[in-house]
Structures are given as structure tokens and as C-alpha cells.
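Undergrad: What follows is the residue order along each chain.
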Amino acid sequence: MEFLRRYRRDTVGLFFGVLLLILYAVALTAHWITPADPMAVNLREVFSPPSAKHWLGTDQFGRDVLSRVILATQVTVKVTSFACLFAVLVGVPIGMFVGYRGGWVEAVAMRLTDMLLIFPIIMLAIVIVVVSGPTETGVVIALGIAQAPTFIRIARGVTLAAKEELYVEAAIAAGSGWPHILVRHIWPNISTPIIVQATLTLPVFVLNASALSYLGLGVQPPTPEWGQMLNEAKDHLITSPYLIVGPALALVVFVLSANLVGDAVQETLNPKLKKRK
Amino acid sequence: MSDDTLLEVRGLRKYFPIRKGVLQRTVAEVKAVDGVDLAVKIGETVGLVGESGCGKTTTGRAILRLTEPTSGEILFRGRDDARMIDVATASPARLKELRRDMQIIFQDPYSSLNPRMTVGEIVAEPLQIQGLMGRAEREARALDLLKAVGLSEDHSRRFPHEFSGGQRQRIGIARALALNPKLIICDEPVSALDVSIQAQVINLLQDLQERFGLTYLFIAHDLSVVKHISNRVAVMYLGRIVELASTRELFENPKHPYTEALMSAVPVADPDFKVERIPLEGDVPSPVDPPKGCHFHPRCRYAQDICRNEVPAYRQVASAHFASCHRADELGLRGLKSS
Amino acid sequence: MTRLIIGRLLFMVPAALGIITFLFALFHLIPGDPAIMLAGDNAPRSVVDAIREAYGFDQPLHVQYGRYMAKVLQGDLGISNYSRDPVVNSVIPRIINTAQLAFLSMLFAMIVSLVLGCVSAMYWNRPLDKVVTVVALLGICTPVFVSGLLAIYFFSIYLGWLPISGMSSWRHFILPVITLGAFQAAVLTRMVRSCMVDALGKDYIVTARAKGAPEFLVVFKHALRNALLPIVTLFGLGLGHTLGGSVVTETIFNWPGLGRLMVNSILTRDLPITQGAIFFFAMIFILVNMIVDLVYAWVDPRIRYD
Amino acid sequence: MSVDPLIEVKDLKVHFHTEDGVARAVDGVGFSIAPERTLGVVGESGCGKSVTARAVMGLIEAPGKIEQGEILLRHNGRTVDIAKLDPRGAEIRGIRGTEIAMIFQEPMTSLNPVFRIGDQIVEAILLHEKIGRAAARERAVELLAAVGIPLPRQRFEQFPHQLSGGMRQRAMIAMAMSCNPKLLIADEPTTALDVTIQAQVMDLMNALRRDFNTAIMFITHDLGVIAGMADDVVVMYLGRIVESGPVREIFRNPKHPYTQGLMGSIPSLADWGVRRLTAIDGVVPSPFAVPQGCGFAPRCPHAMEICRTRSPDLAEVAPGHAAACFLNQVPT
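Residue numbers (numbering that gives the first Met the number 0), protein chains in the order written: chain V, 0 to 276; chain D, 0 to 338; chain R, 0 to 305; chain B, 0 to 331.
Rather than coming from a laboratory, the hints here were simulated on the basis of the structure. All C-beta atoms in this analysis are idealised placements derived from N, C-alpha and C, irrespective of residue type, glycine included.
Within a straight-line C-alpha distance of at most 30 Å, the following computed BS3-like cross-link-like pairs (lysine-lysine) qualify:
1) R/K201 <-> V/K162
2) D/K95 <-> V/K162
3) R/K129 <-> B/K64
4) B/K181 <-> R/K220
5) V/K52 <-> V/K233
6) B/K83 <-> R/K129
7) B/K83 <-> B/K12
8) B/K181 <-> B/K83
9) B/K64 <-> B/K181
Derived CB-CB ranges, DEER-like:
10) B/E60 <-> R/S168: 49 to 57 Å
11) D/R247 <-> B/G88: 55 to 63 Å
12) B/G20 <-> V/M38: 54 to 62 Å
One-sided excerpt, in silico: chain V residues whose CB lies under 8 Å from chain D:
13) Y166
14) G174
15) S175
16) H184
When you get a sec, could you build the whole thing from the sequences and use the hints?
TA: Here is the structure:
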């Protein structure tokens, strides 16, 4: 495929793309590859520093940190993937409809969307979590709704632009109705920018999911999550600073890879942008 | 209305509302087309010229109802040849049928082809929309059409970005021909192209007209091109047709001061051809708030009081020669002398 | 311009009404009996019933809505479940603390991102630009709850230079402001750079060079003045995000701000406080956005002189 | 014609190094412009005419690079080679605006949208002349009046978006003329304008050229504009000059098949006889893949064997008239 052939040219993107794939593989196989049971409490081995047995040490309950980081990767991947899907499924149809409909419906909808966009994602997510509850599903819904306005904007923008395209006009001139145009001309054009936006916002999802759980509003213990692990590690910062290494490193590497892959995907799909970057 | 009339436009108007705020109140209107009368006969080419913003493109689009006309009649001789049908009020089903007979070629060869469809699909799309022919037949027809516009069969599987501007324009022409239309509205079909490619496309349009008996409404801003291709020419200014006559009559014997000035402004590719330029002061006024009386009077060197106050009638000033100027009969305007 | 200001001010009215409506809806959207929520989980039955009657939860919805609206418009956001103080009294001082943190962080982020962004654009695609780009990238990949913990460990615990938490002296400001500011600075540097690169690619830059203008003028007069238009919007959004980020930062450094109050109230299910915090946060965002719009209109002659 | 040329370009090559390969935008171009003459540069898009103009201004920046050649200009009593100057250095900045000024195709995007028209002209004056701000303002108002902008004092205070396209181009011209340049480079200055406005701007430029004794390098794709503006003409195709000579020679007696093809491609207003245009077949090759031999050979109706292997040099076919075509020269 053309996409992979061109993507391969980007060495940085390729390296971090592979890294991201590995992280996803870790997430999918988490249950089999953890060196110890991430949930097993062992009160004889609390706060043991990194060693050959526990590469990243153990926490206040004597649980293996590495195993918990690995399981947390699965939680993060699950939550953010579904949240991203949710945002796309909510945002894209609304954006397309509004852009196609035009008139006052569009004006009102876009005013509301713009208003939501001035609120930082984390604030929206916190408010929605109050309603949806601090569970995995709750976080998916909160992050998904909080990010949906971005996708509404893009889907509407592409639809509006497509309406102006002369090839759409040519189809109308040939007697086409709207169903044909939506399917044949608008939908194929919308997929690329949506894919680009989804990869670009993936790191934002990860950061906000972790921030929520750092605040205690995300996935609840004992299920591990990087943010929540960091929050717990904070209380033992003086005595056991090594506890922050695992979750911090995992989080930063994941976000970094996702960011660079997003940039690379964007440059591959929109070569025009390259000149400016 | 004679039997050989294919299209007759009467009192066509298109106002674009300017909306503001959440409530989308209409605060003003752009009078893009402000009362156009025009008839096109079977087999001829009528040129529609004017500067940017004069409403020529909107006129073309309104005739096809790609934009809903605000008012006016667009009478078109339909399939059965017997009677004229008003496009402006046609039902969706009737409109779909009418569109088999009237097609359009666009100015921009880039935006007019969907980058994600193959050339073959693009050319066959009108047939698919109209539900004519089966898949294999459509493909065969697309190949024929590509050959007719000077492309080869193996082009049909490629995508638009592999083609140059001139070739893309040929693809657009092939698509317009797919339904075997009677009328093609050519909206600045050559103005985005390089000079040497322009000539290829103009020649192609002329060949196709002869071969398929097409009728063209040729919209352009370039007077030389319009003069070359048209049988009759209409000059538009600020939403109205100010003059209409056969090409030779219009160029040699203009009756409207705007036509005269426009012709004298065109640079001629001949260093010895020195026309005395008729200076046209200032810019075209805004179509939101056009001048009272004759739209052209603020820039007209012959303007008198009547021009400032009364809208001139669009009337016959010589045989088959129409103009809307109060002083059309008394002014001896300068045209191009044949050489 | 005056019309624009009036229009924007008027827009705040429906916005505020919308937010109040949303807060009202919160009572009913949240699973569970609102009266129990207000009374607290362990309240005796009689208290719950009293509250139900006092708040009118037994009334039809539209009556409840009208009452709620009337109360909020009078400045009454209810009473905290725990302290039993009026919400407004506990919220207002917190707003000031949060504003100090957010404002200083944003100032830090604005200065750093303008300097780095411009320099980066000037040396576009050269080593200096690449260094700035990589640093900024690392910055946006490191959330404040990671950089904050590292900063606390290094500067407060390991070196012992700065206090871990609280806000009793200027020294308490340093870590939170820089932690929060640095993340915003990284985000904004990337954006300022791309605005500047964009502006430097425009035709009027060629015109300026063709006049014989020195590169300094080309970058800092012609390009920056144009890039300022999108940058004003970005900074406005940045201020909003700084406020959002302050929620996490306050939790890390035990900063007695509005964000921490809100999070704590959610964790302790103190709904009136949550509502109050959300109300004031929302009003602040709308106000910031309004100011940004006005500043934008003021720096763009195409809006100002039209 | 024995006057020293104002500027002399010799064997200029400008290449663009992109990811898709090397684009040979300008591939060996030489011409000279005498004081107070107008040189018309004509060619289709991608022929290298705009890149040549930017090279003369010293405005070639990465990924473009001047590979070879000289651009000689007399400046402060000595001859400077612009091709060798640092494009951001002090010396070229002293030349831009004072010796050579430039106007562009899009007057809307070429003027800075956030500064007042007048201030942009004042800036150009103050960059090169040691006069006070007030004096520079007066000069700017005079210039605005000189380029036919009504109410120059009011216009001085306005922003570009408040002017029409024609007025903007006049303001650009005023800015370019502000320091009395000896050479004005006009890169398709009328292409974005309507014919009636184009006529105004052409008349204005012809008048200014007499008043300011300025030489003009006028770049356009429009043969009609060339005929009305130029004293001498060079025709460019695929990065090279295929024909050059006095304007009347070029139009009356074109020697290169490409020039002939261009002449046949445009419908004439003056002529009624022509029913069919003589178009040039095919398309312009990509500058990334310039054909071997003569660049025009693949489209040329007279192409011979030699045309596909060797590239013809410009050779004089009449006094002052040169063409790069083997049809007109005996191959050696």
C-alpha cells in the first residue's frame, strides 16, 4: 500500500511507530507477560527497591511495580482506544449532518461546539465524570464527549469544503441527489482528516486519562493506572522515590510515541503540510 | 419564440443574502444577477463576457439550477423537442431528467475532478447517477468519450493527479459529454490554462461542437477567446446584460459605452496595433449597493442626467442587436476595424 | 468595535444561564436521590426528608428549575454538606489563589514560548531549531504530575532548596508556577513556531525583503505582527488550559485553589461545592474567551477598521 | 544600443533541491537590460521566469540555489555580482529598493495586511534614505498621488483590505518607486486584475517609466501585454531562453517554433480570418525530468534527429535577434 510505502521513508516516525506497536502488543498480552501477579499483595516484601526479582521494585502492598505498569498499559490502551472511537462516533455524524444541513441549525450547533472548545478537555472530563462515574466506562464516556467537539469541527469543515468542490457540483449537474454525494464524494474525503485527527489526539486522550486517575477520578484501585500509581508513589516520595520511575517512564514514552506517530501519519497523508513544518 | 430556440432566460435574478449573527438575519443582499434576458439557439455558441463580479458565472449556474434562482424563467427545450419547460420551477424528478440535456464544464481543472476516483469512474459517473446503461456498457462508453477528447484508453484507470491541467480539462469535457447533452455551459473553461494548452482546448471544443451538434453558452472574461469561439456575444456588467449582438456586429459596431471601453482595454498581441485606450476610471461598484439609474454611469464618459436617474431599457438598437443605454442611438462608439 | 464589545458582553448572559441550567441538571443526571446527596450518605432519614422538602425535590421539575435559577441569580449557590458554610464563602478566596498560580504560569509560558518560537522559526530547519523542537516535544509529552513529582523530588527532597507544598511565601510559588508554566510553554512554543513559519512564508515577507529590510525587521516586525493574530487566540486558549492544568498542579503541591477544592468536593460527594466550583470555573473561561476575542479584534485591522 | 547595460545576467542556473529530486527551474539564462528600456520576459507557467526575477533580486533561498552564473549590476561605481551575495546580507539589502525594486502578481498578499498603506511606503523610504519621518510621509503622499490614487492623504491611513485590487497594485508600485530604482522588476503585475484595471496599471507603468527613467523587467504570460509594454522580449521555455530580440522582430518574425506556436495559440482581436488556432501539441515536461537535447523537441513539429540529442544555443538570426533552434543554424 501506498501509505506504508511513503510512511517508511520517515525514520523517526518508523522507529516510534514500531515502539508504539510494541506497547500495544504489551497491552494486548498483558495477562501473559507480567512477571508476577500485579494484584498479589505481599506484606513481607513492601517497598523493596529495584532488584533482579522486582525490576522496578514493589509498592506499599508489596506488589510488583513492573507487572502493575504492564497491566496499566492495557488499561490505558483500552480506555483511550474506546474513548477515541466514542469521540469519532459522536462527533463525525453530528459534524457531517450539521455541515450538510447548514442554516440556523449549523449556526447554533457550531456556537455550542465553539463554547465547549474553550473549556480545557480535563475540565470537561472532570465534570462529565461526576455524572458518568469513575469507572472505565465512565472515563471512556467522559473523555469521548470532551473530545467530540474537535471531531464535530473537522467533520463539518470537510463537509462544507466538499460542498464547495466543483466535482460535487458536477454530480449535481448530472442529476445526483444527496445520498449519492455523501457516499461517493464526501465520505471518502472525510476519512483521511479524521484518521489524522484521531492519531493526533491519541496522546491527548492518554494524558487526560492519566490525569483523571491521578486526581482519583479515573479508574479506581486496585486496577492499576499510571496516573493513579504516580499519585500513590507521591506519598512515599521521600522514602521510595523509585516508585515513580516505572509509571512515569511508561507514560512519557507512550505519549511521545503517539505524538511522533501522529505527526508522521499527518505528514504522510498530507504531504502539502510538510513544507511548513 | 422561434422553433430553433434551445434556451430562453427571462428576467433571471439571483440575490445572495448576507447573513449575520446566530439568528442568521439577512442584513443585505448581493445582487449577483439582476434581471438577465438571454436566448440561445440550437447549435450556436453564445459568449457571455464581463469582468469579475459581473454575475456571468452565477448566471450559468442559475440556468442549471446549481444555485436556486431568486426569480425569473429559464425555458429549455426538453427531450421531446416540442415544448419549452421552465427549469426554474421544475420538480426534482423533472429536473433530473432535464439535466441529461444540459451540462457544465468548469474553470478549475483541479477542484472539478474527485481525486479519489479513477478517470474512468469520473467520466461514467453521470451515467451511473442517471441510471442509464449497465456497468460494462458505462465503462465502454467512458473509453469512447476519452478517445473523443483526445485521451487514450489506458488513461481510464489512472487518477486525476497524474494529469496536467489541460488533460484534466479534457476529462471534465468528457464527463460533460457522457449524457449526450444538447447544451453545455462552459464556465471559463480555458482561463486557468497556459496559452498553448488553451488553444488545444478551444480547438477541441469546436471539433466536438461540430461532431455532436452541441450548443454552447461560453462564459469568459477574455474577449479574444470569446470573439474567436462565439457566434453571438453578450456583455455583462454588474448583474445585467448591457449589450448583445452577433460577434462581428458587437466588435465592429458596439452600442454600449462599456463594451467600447472593455474592447479598448484588451491588450492586443501586435506591437503595431495601437488602439487609443478609453480610460475607465475607478472600480466596479459593489453589487450589494449598485448605483442608481444605469449601473455603469459613474464610470461612463458619456453619462448625462438621465443616466444617473433612470434605468435604461434593454432594447433592440439595430437589427438583432440589443443594448441597454439611453444614448445608444446617438453615440458613435468606436469598435474594432477589421484588418 | 463598541458594538463588538457590547455583543460579547451580552453573550455572557445566555452563557451564564446555560451553565446554571447545566448545574441544575447535574442534580438529576447524577445517579441517586439528590436529597441523599445533599444530606450526605450517612444522614438520618428525617434529615433527608427535611432537605427534600426544603429544596423542593418533591415539586415538579419546572418549579424546581425556577427556584434554583432564582437562588443562583441572587448569589446563593447553596451550603456545603460538610462545613455548612455558604458555598460562595469558601469558593471566592480559592479563586484568588488559583488566579495567582494560573496567571504567573501563563506569564512564564508566554515569555518562554514567544522567545523560543521566534528563534526557532528564524533558524528554521537548522540545529538550533531542531534542539528547540525536541525540547518542546519532550515538554508536551511530560504531564505536570510527572514533572511536578520529579521537581519535588529533586529540588525539595534531594537538594532541599524549595518547599514541597503550600503557598505561604514566594518560595512556595516557584515549583508550581514553573511546573505548570513549562508544560504550557512547550505546547505554545510549538504553536508559536508554526505560526511564525507560516507568516515567514507569506508574500508580504518577500515584499519586505525586496524593500531591503534587514532580517531582524522582517522577522520581528513584519512576520511577528501578523503571527500575533493566531498567537493571541492560542494564548487565550493557553490561559484556559493553564487553568485546567491548575487542577492537577494544585493537587500535586497542595495548593489551596479552586481546582483542588473542586476535586476534593467530588471525592467527598459535596455536591453544592462541586456546583459552585464548576460555575465559577465556567464563568472564568467565558470571561477569558471574551477578552481574547476583543484583543483579537483590536490587533486585527481587518476587524477593527471595517 | 552601445550604452552599458544596467544589469547583465550570464549563464544563470537556479536549481531547487527537493525530496522529489532536483528541479532545474532556471537552466542557463543570459540577457541584459539597458537603462530605461523595458525587457519583456514571456513564457508559460514553470518556464522559470519568476525564479529568474527573484534571482536578480537576490531572493533565492533554500531549497533553491544559484548553481552557476553571474548577475552583474553597476552599484556605487563598481560592478557587483548579485549571484555571489548573501541573500540576507547588508550589501544586497542596499541594492534592493534603491537599485532594483519589485512588484508582484497578488497585490493583496504582497502588502502586509496589518500595517497602513502609507507606513509601508514610509518604511521603504526610511530604510534607504536619511530623512525625517515627516519628510518621508510627505514623499509617500506624493508617491500615492503620482500613481493615481485619489485622496492620497486618506489612503495613506488605510489598510490594504480597504483598497480594491487595482488600488493595491498602485500602492505596491508607489512603494517600489519610492527610492527611484534604476530597475523595476514586475512579476505578472496585471495577471490578477480585470482587463479594464489591467489597462489602467499598464498605462500607469508606461507613464512612470518616462517620468522616473526606470528600466523595467516585465514578466508575463500574456503576449498582448508584452506587445503593449516591452521594447525587447525574451521568450522562455523550460528554464531556458529560446528566443530574444526587439519586440517588433519577435512578433513579426518569430524564428523559434515555440514562439511561433505561442503566436498561433492566441486568438487575435484584430483578425477575423482565423477559424482554427494552431495549438502546440503535448504538455510542458516536468522540470524534474528535462528531456535530453532541446527541451521543446518532444512538442516541436519540426524536430529533427539532432534536436533530441543536442541542446541548441542562442544564435543570432538577425541583428539583435537570436533564437535557440537548429532550424536557424548550421550545426557544427
